[in-house]
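Once you have looked at the hints, place chains B and C on chain A.
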Amino acid sequence: MKLAGCNTMTLGIFSWVTLEPREGEFNFSWLDRIMDDLARSGIFVILATPTAGKPAWLAQKYPEVLRVTADRRKRLHGLRHNHCYTAPAYRKCVGIINRKLAERYRSHPALLMWHISNEYGGECHCRLCQEAFRTWLRRKYDNNLDNLNRAWWTAFWSHTYTEWEQIESPSPIGESLLHGLTIDWKRFVTDQTIDFLRTELAPLREITPDVPVTTNFMGTYPGLNYWKFVEQLDVISWDSYPCWHSNGDTTGCGHPSDGEGRDWKVAADTAFSHGIMRSLKGGKPFMLMESTPSVSNWHPVHKLKRPGMHRLSSLLAVAHGSDTVQYFQWRKSRGSSEKLHGAVVDHTGSEHTRIFREVARVGSDLRKLDDLVGTTVPAETAIIYDWENRWAIDDAMGPVYKRNKKYEQTCKNHHYPLWTLGIPTDVISMDCDFSSYRLIVAPMLYMIREGVAERLGSFVEQGGVLVCTYWSGIVDQNDLCFLGGFPGPLRKLLGIWAEEIDALYPQERNGLIMEANNDLGITGEYELRDFCEILHAESAHVLARYKGDFYKGEPALTANNYGGGKAYYLAARVEERFLKDFYASLVDGLSLRRALAADLPEGVTAQLRSDGHRSYIFLLNFTQSPQVVDLGGRKYVEMLSGSKLGGRIDLEPFDVKVLS
Amino acid sequence: MKLAGCNTMTLGIFSWVTLEPREGEFNFSWLDRIMDDLARSGIFVILATPTAGKPAWLAQKYPEVLRVTADRRKRLHGLRHNHCYTAPAYRKCVGIINRKLAERYRSHPALLMWHISNEYGGECHCRLCQEAFRTWLRRKYDNNLDNLNRAWWTAFWSHTYTEWEQIESPSPIGESLLHGLTIDWKRFVTDQTIDFLRTELAPLREITPDVPVTTNFMGTYPGLNYWKFVEQLDVISWDSYPCWHSNGDTTGCGHPSDGEGRDWKVAADTAFSHGIMRSLKGGKPFMLMESTPSVSNWHPVHKLKRPGMHRLSSLLAVAHGSDTVQYFQWRKSRGSSEKLHGAVVDHTGSEHTRIFREVARVGSDLRKLDDLVGTTVPAETAIIYDWENRWAIDDAMGPVYKRNKKYEQTCKNHHYPLWTLGIPTDVISMDCDFSSYRLIVAPMLYMIREGVAERLGSFVEQGGVLVCTYWSGIVDQNDLCFLGGFPGPLRKLLGIWAEEIDALYPQERNGLIMEANNDLGITGEYELRDFCEILHAESAHVLARYKGDFYKGEPALTANNYGGGKAYYLAARVEERFLKDFYASLVDGLSLRRALAADLPEGVTAQLRSDGHRSYIFLLNFTQSPQVVDLGGRKYVEMLSGSKLGGRIDLEPFDVKVLS
Amino acid sequence: MKLAGCNTMTLGIFSWVTLEPREGEFNFSWLDRIMDDLARSGIFVILATPTAGKPAWLAQKYPEVLRVTADRRKRLHGLRHNHCYTAPAYRKCVGIINRKLAERYRSHPALLMWHISNEYGGECHCRLCQEAFRTWLRRKYDNNLDNLNRAWWTAFWSHTYTEWEQIESPSPIGESLLHGLTIDWKRFVTDQTIDFLRTELAPLREITPDVPVTTNFMGTYPGLNYWKFVEQLDVISWDSYPCWHSNGDTTGCGHPSDGEGRDWKVAADTAFSHGIMRSLKGGKPFMLMESTPSVSNWHPVHKLKRPGMHRLSSLLAVAHGSDTVQYFQWRKSRGSSEKLHGAVVDHTGSEHTRIFREVARVGSDLRKLDDLVGTTVPAETAIIYDWENRWAIDDAMGPVYKRNKKYEQTCKNHHYPLWTLGIPTDVISMDCDFSSYRLIVAPMLYMIREGVAERLGSFVEQGGVLVCTYWSGIVDQNDLCFLGGFPGPLRKLLGIWAEEIDALYPQERNGLIMEANNDLGITGEYELRDFCEILHAESAHVLARYKGDFYKGEPALTANNYGGGKAYYLAARVEERFLKDFYASLVDGLSLRRALAADLPEGVTAQLRSDGHRSYIFLLNFTQSPQVVDLGGRKYVEMLSGSKLGGRIDLEPFDVKVLS
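Chains as they are written, first to last, in this note's numbering: chain A, 1 to 660; chain B, 1 to 660; chain C, 1 to 660.
Be a bit skeptical, because a hint or two may be false.
[What the hints assert, rightly or not] Only pairs whose alpha carbons sit at most 30 Å apart, straight line, appear in this in silico BS3-like list of lysine-lysine:
#: 1; chain 1: B; residue 1: 406; chain 2: C; residue 2: 332
#: 2; chain 1: A; residue 1: 368; chain 2: A; residue 2: 284
#: 3; chain 1: A; residue 1: 552; chain 2: B; residue 2: 332
[To be verified] Computed, partial: chain C to chain A, Cβ under 8 Å:
#: 4; residue: 166
#: 5; residue: 482
#: 6; residue: 550
Since the hints were derived computationally from the structure, they do not count as laboratory data.
Keep in mind that this is a model prediction, so the values were computed, not measured.
We put the beta carbon where it would ideally sit given N, CA and C, even for glycine.
Only chain A is shown next, with the shape it has when bound in the complex (with noise of 0.2 Å):
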């Protein structure tokens, strides 16, 4: 762990049954010793509650912890993440083996902080859920089934409630196209997983009142809103596992847009999630939990990460706010179903191997960092990426199937010209403050929850800038449409009335032309699909307009004026060069503060830390070429090697450098 330049390290996950082998009969010798030894050694503890991966005599013994699928069967012991959040059993079993490893470490010289569980996820529909959610539900709903059967418009197909005890959570063989239930089913989801999340943390908070603590999360996965964790935690981190080096061959990773899974768009995409785990706490720097020196296990295919790489995306999570840099796995397993995935030190074990000698430079690179510690990105920029907006968008039946609608990946397309320009941006919820903002992109807002319309109103009329796209404000919180005509609640601040939304076939094309002399000073043609929303410009002015098919020459791109600032309504998904330009000419217009006011070649990015004074400048090479980026004037302290920088300087293939 020295020569690998590694100080702290994660212990105890999944390690329940070595922990108490049987009910009540524990055995902490083991960890004792490695605690002792670590500590000794100078080395940290990040400590995990085990409770990720139940022992089998606590499933043989309370049947009640394994978890019903959505189609109602039962599981068996196996695999992990498979309990029963709701459990009595199992939050009980949970509570004694928490409140031991707190007891016998309290204080510990090696205890860092708290990791609970690990990756929490999943759902079970057993009947204590369906109690749980039922209880849930009345309390949402005031014990009044009236008002649910108005929020969930149950009368649809004869579906209205009379007894509380009719409602079942989703399932492929019962109900799964009630939109209100099937959204609240997964706001209880994420609230019944908190619930057991307190369960656990409470032993900690009583006993290790001083420990932090922190969860690992899984960027957007979608089943659970992370936005809703916030207060239990004390520091966000996260486990990140990106494709590199697919270069667009979708066999392999399932990137969905044409040209994506070039390393500098996976690079962007992996940032998109950073800055969600930023803004999570305000952009308070993250924890990189886990990540891998080389491959990991589950994709399609796995390629070796090239050298540099593995360096090079290190440095990424910390340009975006990271203070960590974490790797699952320290040493491959034997057996089982990770034993291939990658590890510092492999199975022939030793440190005479390219994975180590890049995991030590990595090490030997973040000594030379610690000026970073607590600093964070100073963002003028958010996109909203809103969990209860996917949730939404992917239930709707219409205008395409399903996921097909890609809203995630809506949101890292107006994310990624951003970022190649270097403009720090906040990933964040509809709910957060945006008042520390000056420009907000909220792609495809299908559901508008009540405040949120008034909010992005004051922040226009305050001099922000506002960016909305096609197919937004269709539906309440409750997922009801909103009546009177699109896009309901922003209709007057985007100064626009969508009347219809036609669905293009994926090998379809239309055009946006810009207006002549339009405000953006953007000229020509850009290439449109799979969405074309026919609107009318009612305060707003247009931009551009339909090139063809039989709405050409409505308004494609519209600007309405509002209080001291300006609302863009985009109403076709639009290719990624009008992104570009449009971005670079709003960011122009607001002199928004870019990381380098520099050209940079395509595949190199600039990112921005800072503590307020200080500003440190992180120089990623994505490609695997040497390129040029021109510094000008300024001269600068390159940290990791320590030389002094400025003018035309030479990048190395997945190079990086952090200027200060």
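Structure of chains B and C alone, referenced to chain A:
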């Protein structure tokens, strides 16, 4: 509704829980008010029995009403159309609510007709249905298991039943390959659904003997043999949702063949279903019970209906025998799965939308076509499309996998050239009376039920022309192969023996070369794919031969003179160009009456309705371009505009004219 | 049968309910009659135990005999091969019917052999099987759970078992990723099937000790390790259904690689399975128990066997060591799922069909090959294709997804050039005796069981040549990774250390460049795909290097001199052209005996049978064109025609000649 020109509304589908919020507690006040309002406005009501969606209380109180899936899992309450047709509890409750409805509205001035349930479909495998199936089998097989064992060929794989209780419906976790069982199960499902329909009808027939009834069909829905329903219904109606504007994009709507998806192909395929609906009652006009004014919500991609297409597709239905054009839905639901399905009134809530204007135009057009009500389509030609034949073909293992045999598409491929020529064509089952036709086309007549071969023989003997294809006369009504040489009982009539059938890979092609100086007057070569049967011409003469492969030179198309008529046999699947030339030659030879004796541009068709004396010619342009048609010397009144027409006339894109 | 030249019939498969229509009530009269008739006609009978399809009464009376699926659902009665091999009730009933059969026909003159059940396969997860599995595990692990936990590496994910009762077979709703469990379960399934086979055999061995027994295998069927069955059987037989004439159309038969599907590739792959069947009994001739004279009925597309192909494919089996050619089915069933499966006698019911004539020709040919009966294929070469290795590879997560690793196809790719060269080649497991070979090819020897590395070492030491590839020596028999550097126990023998393995996307390519003046005499470049391992040559010398990527110049092919022999290591998946050049060089260097020392056109192969003294050379033309082969100066008797041949001879399309 008056603005839209709508004079009839269907009410009450899925309204059960609103009508009966608790068992035995009824609330008709809301429906009274709507019925009264409509009556006052001169709008008629087609009143639905609400049984397609059951209340949650019903499922809760009588679990037996919940369907059991083929893999023997009891469904939970949810969705719609998910009740057991056998369950006594369901039949009891249906009887009560239907009686209440009939009693309350028997004399209401708005009541025009009963709409029974909604889109009957699906099947149930519960114990009650197993019992009912066994009872059905005992009746069919004279309570004699030996009869059943013989018919089902159960000795194969040791499947002989020795007690009736051993018989279970087909299941993916049980028996699925015993063809006798699977086809009898499908017959039972049809019969049991009709039995349930009779339960629904009983109180209505008793209380309102003079109010006609219909139920809405779904075109070629494979699960039910609609021909069996005919005697229960007074009027045929169906729900038509073609996928316009897909332009052959098979990622969208699953059109299986090359070049499918152009709007005139979609129109011809839709006309095929209209043809079934009209033929079900021997040519009596049917009703277009549901259609969407804009988009549906269950296709992969929902393109807006282009301007004019709604009118064009509505009048296509009328051209083929519909006396109505109705919509699902009048006003868009605010919530749940169909909230984005097209409607006359959108969420915006006014008549000032493009869609509303398109609907209003259809309303105005229909007002000018009152003379057509009750007229029919004078067909001298029929295509046999037979549900049981389809089931047997889909079950058959070989010569290609299951549905890849494309029975339905093949029938539509033979229908298409007749449709483009404007030949009025019925679409019938093999049990229909053949005597009124001069040309019968029977593609892939794999199953020949008892008596059918004899009746086809008589038809030809009396001067009729019959067209058969490869893979005919293979099995009898029990799905047992005919012995003694295919096409079994058609061998003498067709004058051939089909020794073997070769299947081609999707990309493989062969050719068919016309014999010199053949009777059809067709020359040259055509492309073959999928299936090539190897024939021996016995009494038939050879019109074309194979171009390649080891059966090069063998007969590929034969004709057999038989009595006063002729029976053609097409041994291979051949390209559309051939079918066009072939049917043009037959039409010519038989001097079959065309709607309009003119050369029509591709994508334009003419269709005919007539009361026996006066004719109405529909000219329909399914292209997006203007087209010219030469009406010749004759003069017509164009009914929609009232103008007089003759000679060369112009059709706008998606235009329709009705000539009298 | 006499017209067809058939002298042996297999009877009674799936006839249980006909033999025993009710429990304890037997009816042999129909079988007596057939047996007597056949005996009188001089036709022998291979009599089947009827246990592959159970009667409905048996399932009804003893529900324990119904299989439970991996997701723990009890199946209903239906299909075939769906009984629990453990159930005492089934074993009891099987014992009775088999005893009855043996007693009745023990002395019947027609009885030649026993055919046990039919195509054993599948698995059952019922409680009885769970118990049997636990008993099997207790025995294997000395009744010590610690041993099992260590072998299965259960500490991973907290899976340590603390009671035997906690162990359940793998399940999609339970444990599926514990590799030790999954591979032991597959071993158990093989052993339990054999245990059931022993139950079947007991009465037969007791009553008819002199009648040989066989059961029909299914080539490389993945579910059972056929090597374990060998000691129970007197003769090996199998059912061969190659997919001829697919011409690389992968929509048809699932041939995974480019250019697969040409008939000579299909022939080589079929020969690979023949090679397994012959090797199972150490070179003893096997029986082709089932083949179709025309089409099967379960492929996606069923092309007719072209004229001559039936004879060619039949004699291919003989060329590779079959002493019989038999058919499924004699006469086509009239009903149910196999009614369209090819047969000698078609539904037409006469001998006047093309298919019958093809069968009769094979019968007539075989009569001329009596001298070959009992001869073998004198193999100096063997390919290791090992079932347990396959299971472990398919389970492994990484470097690409599961089956995409293509173990079986890779073995066939190495077999193909040897087959085209006419090198007699055995296909063996890693437990076979290596001492009779001079060349052993062991592609992807991922698992190395105890002792195997040592035995391969001895083989090379004593002068043998060994060819290994990427991804060898990764895990031991418990599926635990070797520590200390891959290829684990082969490291010294191969003289290399494989540090990392890179996976390529399906469209990616790299190259292999031969070193100048290498020992193999091969020059130039070859294309690589899928896998590239990064090697360190230790004692080995480098024959070729990588052309590109970050491991450009690293070793891609090495050779290690070891004792009197040599061990090659091919680090990457390479195109067929290389394998041809490589094996041609090895064959040359070792002077391995070829069937015919002639240059053969592509698609033509020569194969050898021999009794040690006299040789029989099969010349097989798998192309649809005439071909010329130069036999050189030597003269041969062509056994099928009786003519004498030498020099340049002509082969008709799909022709076969047998030279003596």
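Against the structure, test the hints numbered earlier, and report the numbers of the ones violated in rising order. none
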